[in-house]
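Protein chains in written order, with the numbering used here: chain V, 1 to 150; chain U, 1 to 153.
Quick caveat, the hints were computed from the structure, so don't treat them as lab data. Do not take every clue at face value.
Unchecked claim - Some chain V residues well away from chain U (every beta-carbon gap over 10 angstroms; in silico):
1. Arg-7
2. Pro-16
3. Glu-81
4. Ile-93
5. Gln-117
6. Pro-128
7. Ala-140
As the list claims (entries may be wrong) - Straight-line alpha carbon distances no greater than 25 angstroms define the calculated SDA-like cross-link-like pairs of lysine to any residue that follow:
8. U:Lys-74 to V:Leu-99
9. V:Lys-88 to U:Asp-7
10. V:Lys-123 to V:Ile-142
11. U:Lys-74 to V:Arg-7
12. V:Lys-143 to U:Asp-7
13. U:Lys-55 to V:Ile-142
14. V:Lys-114 to U:Val-141
15. U:Lys-43 to V:Asn-20
16. U:Lys-55 to V:Lys-114
17. V:Lys-40 to U:Ala-26
18. V:Lys-143 to U:Pro-94
Unchecked claim - The following label-pair restraints were derived from C-beta to C-beta distances:
19. V:Ala-14 to U:Arg-126: 21 to 27 angstroms
20. U:Ser-2 to V:Glu-43: 43 to 49 angstroms
21. V:Asp-80 to U:Thr-91: 22 to 28 angstroms
22. U:Leu-83 to V:Thr-33: 18 to 24 angstroms
The beta-carbon is built from N, C-alpha and C at its ideal position, and this holds for glycine as well.
Listed below, chain by chain, are the residues.
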Amino acid sequence: MDDMDRRILRQLQAEPTLINAELAERVGMTPATCARRLEKLRESGIYQGQRAVINWAALGYEVEVSLRVTLDKTEARAFDEFTAQARKIPEVIELQTFLGQVDVRLSVLARDMKHYQQLYRTKILILPHIADIEALMHIAEIKTSRGLPL
Amino acid sequence: MSFAPDDMDFAILRALSQDATLAAGAIGRRLGLSQPATWRRVKRLEEEGILAGRKLQLNAEALGFGVTVFLGIKLATKGRVSLDDFERAITAIPEVQSVQHVLGLYDYRVRVVARDIADFERVLRRRMMTLPGVGNIEANVLLSEERLSGPLG
């Protein structure tokens with residue numbers, strides 16, 4: 001991992017659809033060298049591929065809620081059992097675990113507030129070992145992830 | 001919504017949300033669809049704004065970013081300091097990966113990357129605590145993260 005590798009990733013991060021020839025030109029390498037370096041970054045697990053970004057609002061999901069969950073820590077299996085069940089809910093798009101005041105955070109999508117209320121009652125509140133739950137409702141995305149400051 | 005994606009569209013979305021570099025031909029073969037038919041569907045999903053670009057998956061730790069922290073920030077002086085000033089200032093910090101305006105216990109939810117805990121402390125003290133109008137800050141260190149495919153059919 002050197003400055004040239006960083007330069008490749010920086011360009012690709014800014015514009016993932018770049019084809020190798022364009023990428024090579026931007027970083028000032030021959031296409032062959034550029035492709036070889038990218039392949040090496042892939043092999044070493046640094047570059048893990050690309051995922052499509054899905055605009056959920058365009059699919060009719062207008063509501064996104066961040067649920068911060070504190071678990072009952074007297075139960076040794078609380079973490080595993082909670083995450084295993086939460087993973088099965090299709091509307092859960094993100095599952096994060098933390099060190100701090102929050103144990104687990106779920107990002108939940110809903111079509112509207114009525115749908116959210118229904119999800120919350122029938123799918124979220126029945127998850128095992130919840131000690132406390134707190135909701136943050138997304139109003140706007142101010143800065144979307146532009147990736148790492150390489 | 002005039003355009004209603006069908007099961008085949010959802011299958012395409014599922015495939016692309018795993019690997020966005022898949023060519024139309026490769027997706028089509030998997031789903032029993034011709035290359036041109038798959039390509040037209042992908043194009044349509046893009047035009048409808050459902051496919052909204054691609055994101056690189058990088059191993060942050062291998063690149064030297066060992067710590068990811070989520071901050072819950074409450075503004076102290078709402079009304080006096082404009083939200084615009086705060087948002088402009090926080091967006092300009094390179095370690096800040098994403099900022100969401102939220103409703104609830106906090107006003108903003110912020111994702112920050114740092115090299116290690118000492119580096120995070122530097123970012124917190126020098127950059128975050130000096131932001132215009134900032135009040136209470138809660139920090140939670142990320143241990144693990146899973147992105148699920150979501151309600152795709």
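Okay, the hints, checked on the actual structure:
no.: 1; hint: Arg-7; in the structure: holds (13 angstroms)
no.: 2; hint: Pro-16; in the structure: violated (4 angstroms)
no.: 3; hint: Glu-81; in the structure: holds (16 angstroms)
no.: 4; hint: Ile-93; in the structure: violated (4 angstroms)
no.: 5; hint: Gln-117; in the structure: holds (15 angstroms)
no.: 6; hint: Pro-128; in the structure: holds (18 angstroms)
no.: 7; hint: Ala-140; in the structure: violated (4 angstroms)
no.: 8; hint: U:Lys-74 to V:Leu-99; in the structure: holds (20 angstroms)
no.: 9; hint: V:Lys-88 to U:Asp-7; in the structure: holds (20 angstroms)
no.: 10; hint: V:Lys-123 to V:Ile-142; in the structure: violated (29 angstroms)
no.: 11; hint: U:Lys-74 to V:Arg-7; in the structure: violated (36 angstroms)
no.: 12; hint: V:Lys-143 to U:Asp-7; in the structure: violated (32 angstroms)
no.: 13; hint: U:Lys-55 to V:Ile-142; in the structure: holds (18 angstroms)
no.: 14; hint: V:Lys-114 to U:Val-141; in the structure: violated (32 angstroms)
no.: 15; hint: U:Lys-43 to V:Asn-20; in the structure: holds (22 angstroms)
no.: 16; hint: U:Lys-55 to V:Lys-114; in the structure: violated (31 angstroms)
no.: 17; hint: V:Lys-40 to U:Ala-26; in the structure: holds (24 angstroms)
no.: 18; hint: V:Lys-143 to U:Pro-94; in the structure: holds (11 angstroms)
no.: 19; hint: V:Ala-14 to U:Arg-126: 21 to 27 angstroms; in the structure: holds (26 angstroms)
no.: 20; hint: U:Ser-2 to V:Glu-43: 43 to 49 angstroms; in the structure: holds (45 angstroms)
no.: 21; hint: V:Asp-80 to U:Thr-91: 22 to 28 angstroms; in the structure: violated (37 angstroms)
no.: 22; hint: U:Leu-83 to V:Thr-33: 18 to 24 angstroms; in the structure: violated (47 angstroms)
The structure shown violates the earlier hints numbered 2, 4, 7, 10, 11, 12, 14, 16, 21 and 22.
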